[in-house]
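Asks: Chains as they are written, first to last, in this note's numbering: chain L, 4 to 311; chain P, 956 to 1450.
Keep in mind the hints are simulated off the structure, nothing from the lab. Backbone N, C-alpha and C define an ideal beta-carbon position, used for all residues, glycine too. Misleading hints may appear alongside valid ones.
[Claimed, not checked] Listed below are several chain L residues computed to face chain P (Cβ distance under 8 angstroms; list not exhaustive):
#1 Tyr9
#2 Ile95
#3 Arg105
#4 Pro186
#5 Pro251
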Amino acid sequence: MSFIEYQNDIKDGDTAIVFLGHDSMFPIKVQHGSQTQTKYGVIRHSTDLIGKKFGSKVTCSKGGWVYILHPTPELWTANLPHRTQILYSTDIAMITMMLELRPGSVVCESGTGSASLSHAIIRTIAPTGHLYTVEFHQQRALKAVEEFRDHKVDHLVTVKNQDVCKHGFGVTGIADAVFLDIPSPWEAITHAKSALKMEGGRICSFSPCIEQAQRTCQAMEENGFTEIDTLEILLRVFDIRTVNMQIPDLGKGEEDTSAAECDENRKPQECAKKQFELQGTVAFKTAVSLKSMSGHTGYLTFATKSLF
Amino acid sequence: MASLNSIQKSSHVGVINEGDYVMLKKGDVYKAVQVLKRRKIIFEKQWFYLDNAIGEHYGSKFEVASGGGLRSIKETTEDTSADVKAAGADNRNIVDDGKSQKLTRDDIEALKEKGLKGEVKIDMMVENTDTTFRISRPISRDSFIKKSSKKYETTVTLLRPTARLLALMYIDREPSKICHLRYDTLAQMLTLGNIHAGSKVIVMETCAGLVLGAVMERMGGFGSVIHVYPSGGPVRAATDSFGFPSSFYNGLYGLPVCKIKPLLSGTFFAKSSINSEPEAVALVAEENDNAVDKKNHCEQEEEGQLNTASTTDDSRTAGEEEERMEVVSEDPEKQESKEKSRKKCDDNAQERRRRQEDKMQKQLEAANLLRDRNADGLIIACRFHPCQLLLSLVEFLAPSRPFVVYCLYKEPLLECYTMLRERGGVVSLRVSETWLRHYQVLPNRTHPKPIMSGGGGYLLTGTTVAMNSVKLAADASDSLKNEEPACKKQKTEDS
C-alpha cells in the first residue's frame, strides 16, 4: 500500500482501514504477529490480513466480520489521530481545486497540524511534485515526519520546524501554491509571496473567524495579490429512508362513488384492497437532512499572485 | 529533486505560443480560445486579434487598441480611488432628480469613440457627478467607481487554462452543457474519487469533456482514463480547451456505452474480431466509389464526411476538421483546381480510415483495460439516468475503490442507493450536496454575497468491497487452511 498508489494485496507494514460498518472505522498498522481488537473479536494480522486483498471481508474471532480498506487521504482524514483541529474533505476538495494542484505542483503549507490536508496534497502532486510544510510545534512536526515515513510518502514532503510568520517557508520562488492554516495568516503573507514562483501562483488561507479573514484580505491586497475571493463551503449529508405517512380519515362521502367506479373495472377485490391501503398510509423513499450538521468550519480566502 | 523542479519549471514558465489554448479574462468573465494568427476574437463586446500575445508570458495583461491589436501592459495600474476628499455621512440630502450626471449619453459615447482609456472615462464621470458624488458616503463612492470600472475596463488578461477556470467559465456561460455541475461539486468528485496520478479511472460524462479534462489534469499524464461516451460519440470541447500535451492523450481511451453490456457478458471480444473486418472493407469500397466517379462532388462529399464524422467519429476530430474548413474558406488563395481538391478528398478519406482504425484499436485497448475488472475509480456525470450505468460500470472496479455519481436531481440517486444496497459489494454509501457561499470582505462592509447558487447537484459516493458470493468461497478455503479453528480456540482462551 501507499497513499499515492493503489495496491491489491495487504502487506506487512501497510496502513489499512478497518471498516466495522456504518461510519465506524479505524486505521491500523499491519504487522506480522500483531493483533487488533474489535467489537467482533480479534483480527490476527499474519493470518487474517497479510496476503489478503484490500476490500475483502475478514472474519473476526467472535464470528463477526469487518472489511479491510485500502487507505486514501479521505479515509485517513476521517480516522486519523487528532493532534489539532483538522481540515475535512469538503474543504480539502475545494482547496485542492482552487489552488490548481496537480501532479508536479510545488506547494507550501503551514501549519502541518495533524497532516490531514498534507496527505491530500501529497496524493494530488505525486509523483513529481513536492510539499514543503512548516509546523512550529516540535512534537507535531516530528509526529508528522513519522507518519509520512510510515505511509511511504516521505520522499514527496519536507517538514520544517519553524515559525512561518517569522521565518517563512524556508524556500523562495519555487511554489505554485501556498496554503495557510495558522492563527494570524496576515503575518505570513509576505513570506507566502516570496515562496511563490516569480511568474505567480495561487494562495489560500483558512480561518474560522471573519476578523481573521478580513485582516488576511487586507494583507493580500497590500501585497499585490489579485482575484481575492472569500468563500465558505458546507456539506449537507442525507439519510436515505422509506417514510410512511398516515392518511387522515376525512369521513365517508366521495369514497362510496369511487368504490363503485372500481367495481365496474372487474377486479373488485384488488381494488378494495388498494383503497384500504390508501386509507392507511403512503410509503415513499426520501432523502432526509441530518438533524445536526457541521454549519461552519472556516472561511477560505483564495487569491492569485500575478506575473506583474 | 532539483532536476524534477527544473523540468517542472521549464514546462510551467513558458510563453504563449501559436496554437496554444488560453483563457481570456476580463473582470470575472472568462472565455477559452485557441491562439491563432489573424483570427478575430469577440469577447465581452470587444473584438481583437491575439497575434500580439504570441511570445508574451502567461498572466500578461493587454489593452485592446483600436483596430483589434493588443497592447501589453506591464505595470499594475494604481488605485483610482486613492484620495477620499470631503464625504457625507448619510443619504438624507440625496435626491434622485436624474440630473446628477452632468455628462450626457452622447458625451459618454463621444468619449468612447475617442478611444480613451477606461480609467480616464471614469474619472471624468466622477468629476461630472459633482453634487451627489461629493455628498455620498465613501462606501457608495467606492461602489460607484467599482461599478463603472467594471463597465469600462478594457484590459484582457491571458491565462493558462485550468480545471478551476474552465469550471468557473462553463457554469457561468453554458451551465446546461455541463449538466449544471458547479465547480465545488466537481472539486468534491475529484477528491472523493481519489483521482491521482497512476490510477486507472473510468469516466462516464456528458459534460462537454469538462469532467474528463479535470480528471486528466489530476492524473498529469500518468495512468489511464477510460472515457465511456454515449453512442453518438464523445463531446470533448472542454477537454481540448485544457490544452493538454499530446502525451496526455496516450492514456485516454474511448468506449461507447453500448459496448458495456457486451463487455460484461464477455461477448465483446468475440464480436469485435468479426465485426471490425467488414467495416474496414466497407470503408475501402466507399472510398473507391469516391475516387472513381464524383470528382465534382468532392466538396459535397467532404461535407457529408464531416457530418458522419461529427456523429460517429469523436467530436475532437470533427472539431479539427471544422477548424480546417474554416481556415481554408478564409484563405484568399483557396481558389484551387478541382484536381487539388480531389486529392484532398482522397487524403481525407484515407485520414478518416486511419482514424477509424485508430479508434477501433483504442476501443479494443480500453476493453482490455476493463477486462480484468480492476479499475481504480469511477466517475459518472451525465445527462442519462445513472442507475443502470452505475450498476454496470461498478462491476469493473477492483475492491476497495471509490466511486462518485453526480446527478442534478436527488431522486435518481436515491434509486441508485437502494439498488446498490440490494446488490451489495459496496460500503460507505452517502448522498450529499455542497452549498457554496461567497463573501464580500471589505473594511466595515463584510457580509455574505446576497446571491448564492441554488443548487449544484447531488453526489452519491461509496467504496467497493469484495462481493459476498466470492467471499463465501474464499471463506471456505480459509477454513480448510485450519487457521480459522485455531483462531477460535485462542479467542476462548482470551475470554
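Asks: Could you run down the list of hints and mark each one as holding or not?
Replies: Each hint, compared with the structure:
1. The beta carbon of Tyr9 of chain L comes within 5 angstroms of a beta carbon in chain P, closer than 8 angstroms, and the hint placing it at the interface holds.
2. This hint holds: Ile95 of chain L has a C-beta 6 angstroms from the nearest C-beta of chain P, less than the 8 angstroms allowed.
3. The criterion of a C-beta within 8 angstroms of any C-beta in chain P is met by Arg105 of chain L, whose closest approach is roughly 5 angstroms, and the hint holds.
4. With a cut of 8 angstroms, the hint placing Pro186 of chain L at the interface with chain P is violated, because the nearest CB-to-CB distance is about 18 angstroms.
5. At a threshold of 8 angstroms, the smallest CB-CB gap from Pro251 of chain L to chain P is about 26 angstroms, leaving the interface hint violated.
Checked against the numbered hints given earlier, the structure breaks hints 4, 5 and satisfies all the rest.
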